[in-house]
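*Asks:* Sequence:
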Amino acid sequence: MRTPAGIECPYFYGNYFRGKSQEECRLLSGANPPLRWTADLCRTCPVPGIQRANACQHMSLRPQITSILGFRRRVQVTAYCRKTSQVVQEPHVGCGACHQLPFDLKEPQS
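In terms of our numbering, the sequence shown opens at residue 1 and continues consecutively.
To be clear, the hints were calculated from the coordinates, so they are not data collected in a lab. Be aware that one or more of the hints could be misleading.
[Claimed, not checked] Distance windows between CB atoms, simulated: (1) 49 x 83: 20 to 30 angstroms; (2) 30 x 83: 14 to 24 angstroms; (3) 84 x 18: 41 to 51 angstroms; (4) 84 x 19: 41 to 51 angstroms; (5) 72 x 33: 13 to 23 angstroms; (6) 17 x 90: 32 to 42 angstroms; (7) 26 x 67: 16 to 26 angstroms; (8) 32 x 72: 21 to 31 angstroms; (9) 98 x 20: 30 to 40 angstroms; (10) 82 x 18: 38 to 48 angstroms; (11) 86 x 17: 36 to 46 angstroms; (12) 74 x 53: 12 to 22 angstroms; (13) 72 x 100: 30 to 40 angstroms.
Since the model is a prediction, treat every value here as computed from it, not as a measurement. Even glycine gets a Cβ: it sits at the ideal position worked out from N, Cα and C.
Required output: the full structure, derived from the provided sequences and hints.
*Replies:* Encoded structure:
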């Protein structure tokens with residue numbers, strides 16, 4: 001569903017049926033403890049970009065909300081691979097073990 005920032009996100013939910021105006025982030029509400037979502041968090045959230053770049057079924061995202069000098073709240077995400085049981089350093093790319101390329105990307109030798 002499209003977020004208030006205009007980006008497609010699989011975790012955003014909006015119910016506008018018959019005049020309702022219910023919006024929530026299911027990634028933040030599913031965190032333990034649940035995190036409070038506001039529409040301004042969608043503007044800088046990294047999750048839609050991660051989902052577009054890497055749709056690995058074994059990667060789970062753990063959100064946290066940080067604030068800069070107590071004013072700007074932002075979502076930060078830690079990725080974890082359930083298949084290899086390790087923290088993913090670069091969520092946009094993945095852990096490197098789940099989706100290996102069938103060929104080698106090294107420089108051709110002359």
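*Asks:* So which of those numbered hints doesn't the model satisfy?
*Replies:* Of the numbered hints given earlier, the structure breaks none, since each of them holds.
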